[in-house]
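Visitor: Sequence lines, in order, name chains A and B.
Residues 76 to 329 (the working numbering) are what the first sequence spells out, left to right.
Residues 225 to 425 (the working numbering) are what the second sequence spells out, left to right.
Simulated from the structure, these hints should not be mistaken for lab results.
Calculated lysine-lysine pairs in the DSSO-like style (CA-CA distance at most 30 Å, straight line): (1) Lys413(B) with Lys129(A); (2) Lys239(A) with Lys369(B); (3) Lys128(A) with Lys243(B); (4) Lys413(B) with Lys108(A); (5) Lys128(A) with Lys299(B); (6) Lys377(B) with Lys128(A); (7) Lys417(B) with Lys108(A); (8) Lys272(B) with Lys134(A); (9) Lys266(B) with Lys229(A); (10) Lys129(A) with Lys408(B); (11) Lys413(B) with Lys121(A); (12) Lys254(B) with Lys229(A); (13) Lys121(A) with Lys243(B); (14) Lys229(A) with Lys377(B); (15) Lys254(B) with Lys327(A); (16) Lys377(B) with Lys311(A); (17) Lys128(A) with Lys254(B); (18) Lys300(A) with Lys267(A); (19) Lys419(B) with Lys377(B); (20) Lys309(A) with Lys377(B); (21) Lys369(B) with Lys128(A); (22) Lys243(B) with Lys322(A); (23) Lys322(A) with Lys377(B); (24) Lys128(A) with Lys397(B); (25) Lys300(A) with Lys311(A); (26) Lys402(B) with Lys311(A).
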Amino acid sequence: MNNHIELSDELIEQYLLGELEGEALSVFEARLKSDPEFRAKTEERKVLFEMLKKIEFQKALHDLRATRNATPSNTGMSIRSVGKNRKRIHRIIYVAAALLVLISVPLFLVYQNNSNSSRLVAQYFEPYDNVLTFRGDEDDVLVQQAMQAYDHGKWKECIERSEKALRQHPENSAELMFYIGVAALAEGKGRKAVFYLSNPQTTQSKLDFAAEWYLALAYLDVHEKGKAIEKLRKIKNSGSSYALRAKELLQKLN
Amino acid sequence: MKNRLSEERQLFDPNLFPKGDNRAITAIHKRYANLFTGWALKNFSLKKDEAGEVFDKAVMVFRQKVWNGELIDYKGIAESTLLFALAKNIIRDRYKKSMIYAERYVPLEDEHYETVAQSLENMPYEEVNALFSAAESEREREVRKAFYSLGEKCQQILLMRIVYGYSIEEIAKEMEFKNTDSTKTQKNKCFNKLKSFLGLR
Numbered sequence: 076m077n078n079h080i081e082l083s084d085e086l087i088e089q090y091l092l093g094e095l096e097g098e099a100l101s102v103f104e105a106r107l108k109s110d111p112e113f114r115a116k117t118e119e120r121k122v123l124f125e126m127l128k129k130i131e132f133q134k135a136l137h138d139l140r141a142t143r144n145a146t147p148s149n150t151g152m153s154i155r156s157v158g159k160n161r162k163r164i165h166r167i168i169y170v171a172a173a174l175l176v177l178i179s180v181p182l183f184l185v186y187q188n189n190s191n192s193s194r195l196v197a198q199y200f201e202p203y204d205n206v207l208t209f210r211g212d213e214d215d216v217l218v219q220q221a222m223q224a225y226d227h228g229k230w231k232e233c234i235e236r237s238e239k240a241l242r243q244h245p246e247n248s249a250e251l252m253f254y255i256g257v258a259a260l261a262e263g264k265g266r267k268a269v270f271y272l273s274n275p276q277t278t279q280s281k282l283d284f285a286a287e288w289y290l291a292l293a294y295l296d297v298h299e300k301g302k303a304i305e306k307l308r309k310i311k312n313s314g315s316s317y318a319l320r321a322k323e324l325l326q327k328l329n
Numbered sequence: 225m226k227n228r229l230s231e232e233r234q235l236f237d238p239n240l241f242p243k244g245d246n247r248a249i250t251a252i253h254k255r256y257a258n259l260f261t262g263w264a265l266k267n268f269s270l271k272k273d274e275a276g277e278v279f280d281k282a283v284m285v286f287r288q289k290v291w292n293g294e295l296i297d298y299k300g301i302a303e304s305t306l307l308f309a310l311a312k313n314i315i316r317d318r319y320k321k322s323m324i325y326a327e328r329y330v331p332l333e334d335e336h337y338e339t340v341a342q343s344l345e346n347m348p349y350e351e352v353n354a355l356f357s358a359a360e361s362e363r364e365r366e367v368r369k370a371f372y373s374l375g376e377k378c379q380q381i382l383l384m385r386i387v388y389g390y391s392i393e394e395i396a397k398e399m400e401f402k403n404t405d406s407t408k409t410q411k412n413k414c415f416n417k418l419k420s421f422l423g424l425r
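Let the hints inform the model, and build the full structure from the sequences given.
Guide: Structural data, given as structure tokens:
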């Protein structure tokens, strides 16, 4: 019976993916016409496949939006003009230019270092999947709304709602703090991410490996490279699913 | 010049955008997002958020078109031109929907962009439009929850088979399974688990 069900599942799958041809396709289509139950099942699978497609699409969108949030916005310089004494202005410009060179070289080096960190965070950051389950009671509503915002990449809203939920029910808050940390990182609020992800409750929760990984990224985001490296080394040796990524990131940082 | 051209030739090669690996598309998004926002604000009076959304959609359309092999004919055209042209068409459609097309739409000064944009107008993007809708039904929420309750491996197998249309042989190779039989068994187990979470037969 089970084999029969799987066989029919496979056929439907092949049909929906456009893999059935020739006689097999004709037989399938004939059965669709004559067997209402089979037709209903095929339709049901089609809807499920479309939903899975949407889930994948939303995940890819998350990736893009996370990158945008981590991209530093363009900066512009305004130029003031007009002066009566040209010579004086020129002198000021020369002095300013000299000062600018003196100041900007070390600043540039710091900026380059920092922007390298930001680039790496953007490259490696990916929102953690929402795996929270709900009891369905009233207390859960706020958390559900927060996680709905999370699923739609509305990081700010997610953080606000989660923090509210946290204030109301500080108990059992480890997982919620983890998601606030991830949302804060996506929102570009590295300090907040460090605050929540470094909380002992978070790092000792069942999401501990993930929390360590996101904390390493958060440290990078706030340019605390030493702490990030320390975390990444720990993850690399932990044998967790983040070990390879940690190793790769460490190589890029060194 | 030679390097630039070879980069562009590669750009529209579907192999460079493997399904299930969003790093290449994310890198493109990152490279041009700010540039596009400035360009859109200047040329189309969009708000920053709107420009961001348009660009997200343009990149997703780009991804779909590359996967479908529809951009092969655009070899030699800079990736930014193609992306901006796609985005321009999306903006045009937004204006049309809000009935302000005639007042606000201005053809681009840059003829090159305009030509590419016009050539892309006949390339529909309904598929991405449908997926872009933010509204989520109760059932969709259930499916998403059920899907993410599966292990990472199961999620990957199901996406590869159902969303990306990989064959069992391709999945076996990609995920380093021993053989196609064990891949098929694993795929069926994952699908059955998903069905049981959703109460499907």
